[in-house]
Amino acid sequence: MANSYDLIIIGGGPAGLSAAIYGGRAKLKTLVIDKGGIGGLVNTTREIVNYPGYAQISGPDLMNEFKKHADTFGVEFLKGEVVRADFSQAEKKIVLKKGQEFFGKAVILACGSEPRLLNIPGEKRLRGMGVAYCATCDAEFFEGDEVVVVGSGDQAIEEGMFIAKFARKVTVIVLHEEGILDCNKVSGERALNHEKMAFIWNSTIEEVLGEENVEAVKIKNLKTGLTSELSCQGVFFFVGMVPSTGYLKDSGLEMDKRGYIPANDLMKSNLEGVYAVGDNRVKYLRQVVSAAGDGATAAVAAERYIEELNDFNRNVMQSEKRVLLLFFNAQDNESLNYCSALEKSTKEDGLDCKIVSVDMATKKNLAEKYAVKSIPSVLVLDKGMESHRFEGLEVLTCTQWKSILTN
Amino acid sequence: MSLKQLNAAGFEEAVYNNGEACLVIFSRKECHVCKEVVPVLEQLQPNYEKKFGFYYVDVEKDKSLFQRFSLKGVPQILYFNGGQYQGKQAGKVEEEQIEDKISDTLK
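Line by line, the protein sequences are chains A and B. Taking our numbering, the leading residue of the first sequence gets 1, the next gets one more, and so forth. Taking our numbering, the leading residue of the second sequence gets 408, the next gets one more, and so forth.
It should be emphasised that the hints constitute simulated quantities derived from the structure, not laboratory data. Bear in mind that the values here come from a model prediction, so they are computed numbers and not experimental data. A portion of the hints provided could be inaccurate.
[Said to hold, decoys possible] Straight-line C-alpha distance at most 25 Å; calculated DMTMM-like pairs for lysine to aspartate or glutamate: (1) Lys98/A x Glu502/B; (2) Lys79/A x Asp507/B; (3) Lys468/B x Glu47/A; (4) Lys411/B x Glu140/A; (5) Lys79/A x Glu501/B; (6) Lys124/A x Glu420/B; (7) Lys499/B x Glu211/A.
[As the list claims (entries may be wrong)] Derived coverage of chain A by chain B (criterion: at least 3 residues anywhere in the stretch with Cβ under 8 Å from a Cβ of chain B; other residues may be distant): (8) 40-50; (9) 65-76; (10) 132-139.
Think of the CB as a built atom: it goes at the ideal place given N, C-alpha and C, for glycine as much as any other residue.
Please put together the full structure from these sequences, using the hints given.
Next comes the structure, spelled out in structure tokens:
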């Protein structure tokens, strides 16, 4: 089917593109869906100085390199916004805004994050009329103006200094006590000594004021409780990010209360064949280099999962003969002995069946799928349908097997 | 199909001399929100062939244009009819909002 893939990656930032490179190289039929331009939020970064191998490169340039690299492995790209996902079937369904549907054996979620809104009066109404979230995009429009920056993290302070290249004055509104910024030390010191930068401490913004365009902001001092107005032509909000995972809320995927997806060290979510990488997962460091690592890990995990799935389909689901699906543990001697005893007892009399053994230690997926709790366990499957189940070390005799299998 | 790009002279011609009913998106290459909105316009464009113009202005190339409309950000879609400014939409706008605004402009 044309809309059917081995691997579907949602999001074309550094995490998604790295996963695409690994997926393409592993010869998986791979599709990357992205709603904007390839590169994600990295595109808004003017300068990256900590991606290994590139002493200095712009965000868009680095992402172009990633994209070109993925292209060489035959990865497909599609522009579109995913609005729904159904992970309940083996073939996972992805639905786009226009109604198109795509199916993937495995899905990697690399949707990234977006700026958090403060949801204060005037913020939404005056967006694009002085309220802004991206300095690379909009700083230039404030040539000679007075601008307010809300926040004191790396982004707020570094972008604030960039805005100061154009604006006459940049006032930073900081929640903390005087002198305390959330950003890195180097940038903090530069900003505090910057001639165009001013700071208002212990404060937050309550409202953005203006008719057609931003004219002022209402500032509240959290210590004194007093509010004041500061006239300005622009307000840039840098008050953190929220994961872009809203469309997944009915998918059965586990997320924390802020919408980040917990993933294990294989980047696997709580759902089989669904992985989360980059900024949209719960993690310690959100950088291009760590996003790339996530992508690689997830793609390799997905590749193995798909291989297992294909193998299982071939050997078990589509098997002409009945299958004895044996769950054992390679590190457990008793269960190993059981394996050989079972093989012997079925072989002796040439029983018309096939034994497929599953090592519980490495194939937890299958154990979960068939709700196998103890080893050894033998399931009798006919075209994938379970007809009998035996748990424990007792080895059935050939005659017993015969009567079961001829039923 | 990609949108027709206008420079200052082309803008004058289409919007004022010809008085075309049209929209003009002010955008820039490296703005991520623009990259989401421009494709929406590209997809809508064929539905309005010969009825409504779709144009693109690169604010890096044509500064005078965004200064003239005192724009404070991209993307920004400006609507015109008969040489008259009919309003604008800023930031991430949805397809339906654009369609509504086009039919308002054509009234």
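How the hints compare with the structure:
As the CA atoms of Lys98/A and Glu502/B are separated by approximately 11 Å, the hinted pair is consistent with the 25 Å bound. Taking the CA atoms of Lys79/A and Asp507/B, the gap is about 24 Å. The hint holds against a cut of 25 Å. For the suggested pair Lys468/B and Glu47/A, the alpha carbons sit about 22 Å apart, so the restraint of at most 25 Å is met. Taken as a hint, the Lys411/B and Glu140/A pair is honoured in the structure, with Cα atoms around 24 Å apart against an allowance of 25 Å.
In summary, the hint linking Lys79/A to Glu501/B is supported, as the alpha carbons are separated by about 15 Å, within the 25 Å threshold. Proximity of Lys124/A to Glu420/B is assessed by CA-CA distance (about 34 Å); at most 25 Å being required, the pair is judged violated. At roughly 20 Å between alpha-carbon atoms, Lys499/B and Glu211/A fall within 25 Å of each other, so this suggested pair holds. Check result for the segment 40-50 of chain A against chain B: holds, 4 residues qualifying (beta carbon to beta carbon below 8 Å, three or more required).
Residues of the segment 65-76 of chain A with a Cβ under 8 Å from some Cβ of chain B number 0, which does not satisfy the need for three, so the listed coverage is violated. For a cut-off of 8 Å, the count of residues in the segment 132-139 of chain A with a CB near a CB of chain B stands at 5, and the three-residue condition holds.
In terms of the numbered hints stated before, the structure departs from hints 6, 9, listed from lowest to highest.
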